[in-house]
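Visitor: For reference, the chains in residue letters:
Protein chains: 4
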Amino acid sequence: MPGSSFGEMFRITTFGESHGPEVGVVIDGVPAGLYLSKDDIQFELLFRRPGRQYVTGRREKDEPEIVSGIYNGRTTGAPIAIIVKNSDVISSLYEEIRYKPRPGHADLPYIMKYGYENWDYRGGGRASARETVSRVAAGAVAKKLLMLTDTVIGGHLKSLGPIELNEDVTFEEILCSKYSPVRASKKWLEEKFEELIKQATVEGDSWGGIAEIVVKNPPSGLGEPVFDKLKADLAKAILSIPAVTGFEYGLGFKAGRMRGSEANDEIIVKDGRLRWKNNTSGGILGGLSNGEDIILRCAFKPTSSIRKPQKTVDLRTYEETTISVIGRHDPAVAIRGVSVAEAMVALVLVDHAMRTGYIPTVKLTEEQAKIIEERWRRYVELCKPMQGSQ
Amino acid sequence: MPGSSFGEMFRITTFGESHGPEVGVVIDGVPAGLYLSKDDIQFELLFRRPGRQYVTGRREKDEPEIVSGIYNGRTTGAPIAIIVKNSDVISSLYEEIRYKPRPGHADLPYIMKYGYENWDYRGGGRASARETVSRVAAGAVAKKLLMLTDTVIGGHLKSLGPIELNEDVTFEEILCSKYSPVRASKKWLEEKFEELIKQATVEGDSWGGIAEIVVKNPPSGLGEPVFDKLKADLAKAILSIPAVTGFEYGLGFKAGRMRGSEANDEIIVKDGRLRWKNNTSGGILGGLSNGEDIILRCAFKPTSSIRKPQKTVDLRTYEETTISVIGRHDPAVAIRGVSVAEAMVALVLVDHAMRTGYIPTVKLTEEQAKIIEERWRRYVELCKPMQGSQ
Amino acid sequence: MPGSSFGEMFRITTFGESHGPEVGVVIDGVPAGLYLSKDDIQFELLFRRPGRQYVTGRREKDEPEIVSGIYNGRTTGAPIAIIVKNSDVISSLYEEIRYKPRPGHADLPYIMKYGYENWDYRGGGRASARETVSRVAAGAVAKKLLMLTDTVIGGHLKSLGPIELNEDVTFEEILCSKYSPVRASKKWLEEKFEELIKQATVEGDSWGGIAEIVVKNPPSGLGEPVFDKLKADLAKAILSIPAVTGFEYGLGFKAGRMRGSEANDEIIVKDGRLRWKNNTSGGILGGLSNGEDIILRCAFKPTSSIRKPQKTVDLRTYEETTISVIGRHDPAVAIRGVSVAEAMVALVLVDHAMRTGYIPTVKLTEEQAKIIEERWRRYVELCKPMQGSQ
Amino acid sequence: MPGSSFGEMFRITTFGESHGPEVGVVIDGVPAGLYLSKDDIQFELLFRRPGRQYVTGRREKDEPEIVSGIYNGRTTGAPIAIIVKNSDVISSLYEEIRYKPRPGHADLPYIMKYGYENWDYRGGGRASARETVSRVAAGAVAKKLLMLTDTVIGGHLKSLGPIELNEDVTFEEILCSKYSPVRASKKWLEEKFEELIKQATVEGDSWGGIAEIVVKNPPSGLGEPVFDKLKADLAKAILSIPAVTGFEYGLGFKAGRMRGSEANDEIIVKDGRLRWKNNTSGGILGGLSNGEDIILRCAFKPTSSIRKPQKTVDLRTYEETTISVIGRHDPAVAIRGVSVAEAMVALVLVDHAMRTGYIPTVKLTEEQAKIIEERWRRYVELCKPMQGSQ
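Residue numbers (full-length UniProt numbering), protein chains in the order written: chain A, 1 to 390; chain B, 1 to 390; chain C, 1 to 390; chain D, 1 to 390.
The hints are all genuine.
Copies of one chain are not kept apart here, so a pair can be met inside one copy or by any two copies together.
Below, simulated SDA-like cross-link-like pairs (lysine to any residue); rule was C-alpha separation at most 25 angstroms, straight line:
#	residue 1	residue 2
1	Lys308	Ile111
2	Lys38	Lys85
3	Lys61	Lys85
4	Lys270	Thr317
5	Lys85	Gly73
6	Lys277	Ser128
7	Lys38	His19
Everything labelled a hint here was simulated from the structure, so no lab data went into it.
Model the full structure from these sequences, guided by the hints.
Guide: Given below as structure tokens:
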């Protein structure tokens, strides 16, 4: 099986290269009756858009077009195709890498797999972060559908390089990080992150970071034993993102150093409902969502395309050489990666919510469509710049 | 879609509960012509078997029966069904949990999903570690097929609770850890792990641990952009294992704290072949295997079933109560988890090797079958107790 | 992808050879809470059982065992594995075909695909009609679940060789044909079919036949445009049955010779509901079920294993030879084929009913479980021998 | 699972409505290195194009654009997206059907499934034959890849209404039928078909027809027991085409009326190879291709949209009314259906050839790419107007 599709009931298929005419996604499995406009898509695309401060210099308007599946502003049950034109492409910047695969980049593995002669070196082709536009566009539709179960997904950058957030953060702060140019959830953190980024830019270097995604109010019982556990599908979704090198949920790797009596979480009764006291399992137990907030983290390695000269090999001569990558690249892919991680989480949750029966697969009632629309408006409003932020 | 199947070209479907008559697996997609005996399966089952020292007191012989797909000692191309009888089942031990869901365990989420009246509480049903017998049995077949590309998979326990291995380890040591009762790769480490385990047993507690899996000599180019990246499918495979709470490969979470100039790995020429100098990316770059050893780690939380009393709720009264789990449980699931993680990695690799064309999907030539058999014998011999081990 | 699984939400995986220890099926995706006993399975197996008059001489009790997925007589949501032992196997009857592939049989194509050395010639291996036991067992579970939408599936033999039923048949007659040894829906037809069969047996020959399947009261809207149309998935299901060479629904091939003004079916209002007047489209329009009875037919070729000598080639010498097949074979596979076709239709319908949301994917309410049980009892009673039949 | 995707290894996903801006297809799984131009696609689109004589009056240029997956005229291994703009859309013709569902058409079933308010009535939306543009475009790529095994697919109209071809037809004649405006393989047949069509047009009526598809030189061993038999996947592919009501291969329904001794096909040795004497099984035995030509037929019902007034119901009043469909519709969908059936057969064969290992999944060698290109040129030349045809 080829690998351009994701999901079972809510299934996306992406296409398009960084330097081709467009990138796009076909979303199959959206029930009929959902109100959907290009503004809904654009809202989410805004936050992964290049051209924001501190991310790649490439300036794309990233205006989505919905070319199928909509009639009178609502979905029809037919597949929804969304395309985004590639408008600001400068392929000449890539001439040097034609023969000098970039360390830490997909260049050489792609050549090994598909053959040098078939390698679209301009902008990284499918391995480019540009591909993630399709994911975020589809993620917007998934997030909107999840309004039916009143489930909201937020993400923020928990650490950038050596700087880490170690205090509590509210879900509101997380949502507001969307407007932070460095996806920080606190003003002081934003400043520290910005400083780090500026310094990296000056040095022609980059930083890794760790994103945290929080899902408020997920339905319980999502996940299918024994292989399609919710944690398993989330891990796949997250690891499918370029530059992600690790995934954990709840206590994560810390659990590997703990005793059972510490890691286990007491079951309690709260408001007449069975709940868990400390949510140490990050909302997933036995591979199933348990109704508590889902909390997961992922590590993004530093951008591999850096200006600082690095050793590589010239493919024509097999001699050692150096490369200084002068394309327009983010100093930390983790920043925009937060949006992509949110989108992937949304895709997994909506898929499982449909598998489980929480979200209808064929059509929404008029009432459901309206509830979704209303909650979506509220969500868009909740995502606002934090005080004092840009 | 239900979740009892895994893989695309090499596809397994598992069934059976902890306290039912048997657990089993159907393996579909094994090419014809492979020599396969129940001894091959048994060899791998041996190392996840309960009843070894320091793992659960349950004593199963775990003798596999191959009930289809074999003719004259070789596979026919038909699905291979393997069953293992459940011989040492004491359901009475589970009477207490019937109304007291165990903290940290799948009990309550299963009840939430499937209904209390349909909950097979005896031994955890499908959520029991017993289910992993099927995975290890199928993994044995996968490992054997991978001999065709001369790819070998080894695993060991890198840390247990606070004790961590911080020195280099050879692949031979890793293979020998199979015979260590605590999956340690060094004698001194084995002793420290054992001490920890004994203490936990005394205290009625358990420990988490971190397993490391190393794949020697994988083919390059495994993984399908953009969603079925090798790292993504490995992450799903690993997170589908009970008790796993995190996954990382290569630098993993450390990469999230590094600069690009540190994390990137120089491309070099070695023996006329393009290689990577430090393998910081753990054998996977751009989501594809790059021909270097694949290195990944996963965290196992501590066994949630412990003797130490824990707070929970009585489902009949919704009142607070405590539970002291007296079933026979491992003091650290991570120990047996190593075998399961190896198996899951094997399943992913053989699947991708078939998708990519390295391993034939329909039948092996006589020569291929013999090469596999020969290498398998060598592998079985390589796995031997380390000097001084039990 | 290998081919031993069928279905998306209600997914079956079959295993086992004609002359192995057992045949079996794993059913994944059955919601929790369904009452299910081996008697339910046995009821349907009864009608495809060898050893009935006029079908193969092989005498199997065909007693199903449910080895997983059931607790206290109800499904738990876990995969259900059902096995049936092979008890009456005489492999010696197959010695001759070892080197003489039977004309019209899968022998030679299997050898071409999997290699002569891997060919399990005894009883046809997986190509044997014995494999369909698994389908009928799974079909019983599917039929039972379909009781939730009050949907009942019946089948009968519409023609055998040159003898065809050309008069109207009631659904009750169709259900009663289950007890007819030749699956006839009328007494006079039964007699004619029996005569034909006796004559074929005497002559060492066999007959083809055409089965008709009728689905009473299917939900509307089943089928997923544009590739998983209901008619498409039914066609695949039916053509996956050994010996089936054609499929049609509604007017079928006749529509290919008609005018639009003849073939189109008037839309009318009946009892306040939109209906179709003549159901020329056999319950499926635009690829979707439209709420009318689903009517489809399929052709079974004559049993290829016949006593009459046929020309073939000796694989050892590549010389012409003849073969007279002396195994125990049906004089018309179409007879038992009716049960298999019913089962395949049930599998498709339940799968689509789950995809569409008519049948829950996770668990049944107590009320739903009871409705199903009650309707199942009624269905079992409705299936009774027709007056004067054996 | 939604239904807009088809295939496992060579996987297509289609999108777009009849009266939307474009229709398109994403093809995932095309190996790198294939020479592919829009002319290759256009060649096949030419023969299903509306605006040819006797087919719908709608005049589309149907110029395909390849928007991803190609670099320097060759495939890269990335998904290939092909779009075709909808240029000649007159939605006003559809105002009448807005409240009057057409008999024999998908209108009412779509309303039942997705809700009246979400029904894109203009031009039939996804249920329009326009959707098959995507299939034929993808089929062109599949056909090209099949050149690697020297496999060529041809189709013709075997009967139209009461007129049937009952004499032998050569594969060359079949290929030349592409240029016949009525897909006839003989000059005399063309004339008879044309007469029938003209008369139907005058009368505001339409005709059904039966298409035959022949696959020359398929590899043996295609098909995966037991559910993904080649015949099963072909049946699904063919029945997924709008208006198809039946499928048969080899003797087809005739086999249902025959004796085993007639229907069975002798195995012979020819040119040192094991062959079948009469190919009564149409190239598929035991569900696997056996190396003989694959021969299948399918019935297309008559176009349901006809000018002749038909009874239906007004959805606003639930009163009886009549409709005379005045859109531009084919007098026999079977004519253009031949191209679509060829495409679907190509999709199935290339998918199975990749599953079986005949066609590489990742990349073609330079030599393979050249062989394909050469054979494709030859094929294009072989398809030429028959003498005396238009």
